[in-house]
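Number of protein chains: 2
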Amino acid sequence: MSFDVQILGSNSAMAAHNRHPSSQCIFIHHHVFLVDCGEGTQFQLQKYKLKFFRIDNIFISHLHGDHYFGLIGLLTTYQLLRRETKITIFGPPQLESIIRLQLEVSDSKLTYPLEFVSTQTDETSIIFEDDDVEVVSFPVKHRIPCTGFLFKEKVFPRKVNADAVKDLKLSSEQYYALRKGEDIRISKDIYFSNQQLTLPNLPPRTYAYCTDTLFLPSIVPIIQYADLLYHESTFLNESAARAKETFHSTAYQAAQIAKDAEVKHLIIGHFSSKYQDLSPLLREAQDTFEDTSLAIEGMIYSIPKQKN
Amino acid sequence: MSFDVQILGSNSAMAAHNRHPSSQCIFIHHHVFLVDCGEGTQFQLQKYKLKFFRIDNIFISHLHGDHYFGLIGLLTTYQLLRRETKITIFGPPQLESIIRLQLEVSDSKLTYPLEFVSTQTDETSIIFEDDDVEVVSFPVKHRIPCTGFLFKEKVFPRKVNADAVKDLKLSSEQYYALRKGEDIRISKDIYFSNQQLTLPNLPPRTYAYCTDTLFLPSIVPIIQYADLLYHESTFLNESAARAKETFHSTAYQAAQIAKDAEVKHLIIGHFSSKYQDLSPLLREAQDTFEDTSLAIEGMIYSIPKQKN
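Note that the protein sequences, when read in sequence, are chains A and B. Going left to right, the first sequence walks through residues -6 to 301 as the working numbering numbers them. Going left to right, the second sequence walks through residues -6 to 301 as the working numbering numbers them.
Among the hints, erroneous ones may be present.
Remember, identical chains collapse to one label, so a pair may be satisfied in a single copy or spanning two.
[What the hints assert, rightly or not] In the EDC-like style, the derived pairs of lysine to aspartate or glutamate whose C-alpha atoms are separated by at most 20 Å in a straight line are: (1) K40 to E290; (2) K134 to E97; (3) K134 to E283; (4) K237 to D100.
Please keep in mind that the hints were generated in silico from the structure rather than gathered at the bench.
Working from the sequences, and respecting the hints, build out all of it.
Here's what the structure looks like:
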């Protein structure tokens, strides 16, 4: 079961040096989630040959244009291609009026249901949940209301221990009960707790997306032990004052968050256009947190299945 | 004095086959006009290394996304780069509220003045005029209100005829008066009309931009004798019924308009994504109007100076 993150764009503010504004696809099991949708995201989806009709849920962190100006184009393209399945958009409350206004003036009757779910910027909340995945939004601190997103695989059910059950001649109903986590009674006198006949399954994986934000240590408990953290690092630490003034973070600060949260791997992105060469940002982050990569367009980072 | 048209995008509806939605730059003397601004136009301006700070006037034909979704991104980029000179946008009245709403939610205080001028879709009107150029908007017939634009070089003043004046020993004031089109009096008895001492200058050039529209012969008198006509040809004529249903034109119809209007050259564009190979569209247009080109991204069409 996959848990992959593909970078579609990771430049801040505007396109430069052939880098596009923020967007990424998160593949978790059968889901394809789109996170942020800067201008040109639909071109990037085409370029990397992503099956973009599989996107049903789109998460927008905030309403600076480099994070959502591509959304209306993507939604319009779905309309032109006669999409029928629902799209749900999670984002700041004003996003709905912007999109509805643009659909209205173009006299577009959508062929698919479009639902908006407003994110909260004053508290952490579960905004999406099904049998496989839970998505949590959490406030970060930017010039305008902004949230991060935490994508969490649900805890897998325990696996039946083949060795433990091999002589018990279980019925299919008993097998099913075990897999559901129930205890089972073999006869009047023989009883097994679920734990006796099952083994722990793989631990669930988590991915945290944090952009755009000031250096914000209060997010550490929320993203703690994440298998993967994407954290904005718009500037080098020599521009820490500029980062603070614009409500952004530096590569050093992103790495410090990763270290404090004890995440397994860090991807840094949302690079200022002033940096054509990104290697100084990478080196700065790696000095504090070694397991760091640059968010390069097209790159896929697969979170491996974890061992118990 | 240049009069060039550079194609930045000419696909209809959405990006496909590496073709971008509608946008083009018109270079007339010192002016750089942007006409339509589909998603990704700012990337195309970068790609073709256009000095996009020289754009002061932007013309939007209508509010289907493939003609304006790139506008907010371009305006935001100007803001990020601390532009100070004014931008004027000519387009449908609702455009202003869409742009202002997006600027408001991002808490953007523009560093430059931004003015909107509403286009009329019930009559032909002069929407821009200075010493060099006049721009006329004219209604076309699409699913929502839409205008074409006619870019006209102003009539050049007549040139002083060096042979006619060589023995007259004109003062610099008299020379200047002649160039302004005035008649002059050399003495009490000697008088010359302006026409006697000047020659006709180069004839002014015109470019007509017609997208998106049904086949609309009523535009012929407006665009008559244009040096260059860009006319949408979304479909081949075998899809004439589909063109009519979607308020678009076919390559044959674009060529028929060019022929009836006796323009000098035709560029066809706004191609449906169903055509990967555009040569059948070109051949169809050329069967009716030979001097036809395809609107290929990056292509510059220079309107040569006309002979008298």
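How the hints compare with the structure:
| no. | hint | result |
| --- | --- | --- |
| 1 | K40 to E290 | both (11 Å within a copy, 18 Å between copies) |
| 2 | K134 to E97 | between (33 Å within a copy, 19 Å between copies) |
| 3 | K134 to E283 | neither (26 Å within a copy, 61 Å between copies) |
| 4 | K237 to D100 | between (43 Å within a copy, 17 Å between copies) |
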